[in-house]
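Trainee: Here the protein sequences line up with chains A and B, keeping their order. All the letters of the first sequence, read from the start, carry residue numbers 1 to 225 under our numbering. All the letters of the second sequence, read from the start, carry residue numbers 1 to 225 under our numbering.
Keep in mind the hints are simulated off the structure, nothing from the lab. Mixed in with the good hints there might be a few duds.
Copies of the same chain look alike in the list, so a pair counts if it works inside one copy or between any two.
[To be verified] With a straight-line cut-off of 20 Å between C-alpha atoms, the simulated EDC-like cross-links for lysine to aspartate or glutamate are:
id: 1; residue 1: K222; residue 2: E160
id: 2; residue 1: K222; residue 2: E68
id: 3; residue 1: K223; residue 2: E68
id: 4; residue 1: K222; residue 2: E164
Number of protein chains: 2
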Amino acid sequence: MKQLAASASLRDEFPIFGNLDDASLGRLTATALWRRYDAHEAVMNQEEACDGLMKVTQGRLRVYMQNESGKEITLYRLYPGDACVMTASCLLHSMQVDFLIEAEIETIVILIPTTYLADVSQRYPSLKDSLNEIVRLRFSQVTWVVRQIVFSPMPVRIAEFLIEQSTLRETNDLLISHEEIASDLGSAREVISRILKYFQEEGLITQSRRRISLIDKENLKKKIV
Amino acid sequence: MKQLAASASLRDEFPIFGNLDDASLGRLTATALWRRYDAHEAVMNQEEACDGLMKVTQGRLRVYMQNESGKEITLYRLYPGDACVMTASCLLHSMQVDFLIEAEIETIVILIPTTYLADVSQRYPSLKDSLNEIVRLRFSQVTWVVRQIVFSPMPVRIAEFLIEQSTLRETNDLLISHEEIASDLGSAREVISRILKYFQEEGLITQSRRRISLIDKENLKKKIV
Numbered sequence: 001m002k003q004l005a006a007s008a009s010l011r012d013e014f015p016i017f018g019n020l021d022d023a024s025l026g027r028l029t030a031t032a033l034w035r036r037y038d039a040h041e042a043v044m045n046q047e048e049a050c051d052g053l054m055k056v057t058q059g060r061l062r063v064y065m066q067n068e069s070g071k072e073i074t075l076y077r078l079y080p081g082d083a084c085v086m087t088a089s090c091l092l093h094s095m096q097v098d099f100l101i102e103a104e105i106e107t108i109v110i111l112i113p114t115t116y117l118a119d120v121s122q123r124y125p126s127l128k129d130s131l132n133e134i135v136r137l138r139f140s141q142v143t144w145v146v147r148q149i150v151f152s153p154m155p156v157r158i159a160e161f162l163i164e165q166s167t168l169r170e171t172n173d174l175l176i177s178h179e180e181i182a183s184d185l186g187s188a189r190e191v192i193s194r195i196l197k198y199f200q201e202e203g204l205i206t207q208s209r210r211r212i213s214l215i216d217k218e219n220l221k222k223k224i225v
Numbered sequence: 001m002k003q004l005a006a007s008a009s010l011r012d013e014f015p016i017f018g019n020l021d022d023a024s025l026g027r028l029t030a031t032a033l034w035r036r037y038d039a040h041e042a043v044m045n046q047e048e049a050c051d052g053l054m055k056v057t058q059g060r061l062r063v064y065m066q067n068e069s070g071k072e073i074t075l076y077r078l079y080p081g082d083a084c085v086m087t088a089s090c091l092l093h094s095m096q097v098d099f100l101i102e103a104e105i106e107t108i109v110i111l112i113p114t115t116y117l118a119d120v121s122q123r124y125p126s127l128k129d130s131l132n133e134i135v136r137l138r139f140s141q142v143t144w145v146v147r148q149i150v151f152s153p154m155p156v157r158i159a160e161f162l163i164e165q166s167t168l169r170e171t172n173d174l175l176i177s178h179e180e181i182a183s184d185l186g187s188a189r190e191v192i193s194r195i196l197k198y199f200q201e202e203g204l205i206t207q208s209r210r211r212i213s214l215i216d217k218e219n220l221k222k223k224i225v
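Construct the complete structure from the given sequences, taking the supplied hints into account.
Mentor: Here's what the structure looks like:
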C-alpha cells in the first residue's frame, strides 16, 4: 500500500459531504488518507485494520469471509464510486462481522478515518443517515448472497459468475482458475470442475489451462433464468 | 391475528423511548398496535405487510426467506425483549430484502408503525441511532448465517440446531420433523435424514415418528466444536 497525495476535493468525491460547512470539510480533508493498493493486496484483515468511510476511486475491491482453513466466499465487490463503512468503528460498534477486503486489481481508495468523521456525523444528521444508508445497502447485498447460496443451484451461480466476469473484464476469455471460482462462490474446486466440464460438453464454454472461454453466452444466460 | 389492548406503557416496553418528551410518547402510544398471533401464523408476508418497529413481549418469531418452490432458510429468531425494524419502511427505504416472519408459538408483539415514528426519530437523533443499531444487529446475524452455510458442515449445523431447540424447549424430546429441520437450515429433507440416521447409529439420538430424543448431549455438543 502506498500513500498518495490528495488529487481532488472531498466535496467532489463524496456527494454526502455536500452540505458540510467549510471548517468541518477542512478537518475531514486533513484526516483523509489517499491510498493505492496493488492487485491482491490486503486492504483489511487481522493485521491491516482500517476504520471509517472508504470510497473506491479506481480499481476494484472484493469483500469476503474466510474460515480457519482458508475457505472463502465473496460477499460483494466495490467499484469506482462505491463507498463502504468499515467495521470496528464507533459508528458501527455493534457490528461483529469479520469481513476481509482485498484489492482485486490495482485500486485507489480514499479513507476517512472514524475519529473526526464520528464527530461531524453527530452534528449533521443527514450525513449520519447517509452512512447508515450505506450499511443497509451492504446488508441487502449480504442477504442476496444468502438467497443465492441457499436457493440457487450451483450451475446457475457459476453461469452468473462467468457472465458477470465477462462483462466486468470486457472479454469472453477469462483467465481464471477453478480454485478462484470456488473461493468466490464458497464452494469446492471439485464441484466447480464438474459443472464446468458439463458446460463444456454442452458447448457453452471451452477450457484450457487457467482459461475459460465463453463461446455461447446466450445459452449460458439461459442457465441463469 | 388479534388486536389486544395495551397492557403496559411504551416507556416501560421500549427503553429506547426513554428520553422522549411526553407529547411524542403520547402520540406513539396512540399509534402503537398490540397484537397476538397464533402459532404458525404469518406476521409478515406478501399479504401481511407491517411497517415500523416491532417488539416481542411473549412467544417467539422466526424470520426467514423462502423461494418460489417453498424452500426456506431461517435467518434468526426473535425472543421476548427483542426488537426488529420492519423493512419497506421509510426509515429503511433502501433495504430490498424479502424477509418473511411467522410466529412459531403464540406470540404477542407491539408494533409501532412508521408514520409517526419516522417523525419522532428525526427529532431524537439518539432514537434514530438506536433503530439503526437494531438493523446492524440483524445484519451481523445474517452474516453469521452466511458463515454457517458456507463454512460449517451440515452435521455440525444439525447438532447445533438440536442442542438449541432442546435448550429452547427445555426438553430432550423434540417433536420435530426432518422436513422442519431442512426448512430451518435451508437444506433438503434427504440430507437431514441421512445425517440424523448417522447420529442415531452413533448413539447420540433416538428417533421415532416426528420425535427426536437427544440421549447423549455431551457427545452431540462435541460435534459442534
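Trainee: Which of the listed hints are not met by the structure?
Mentor: none
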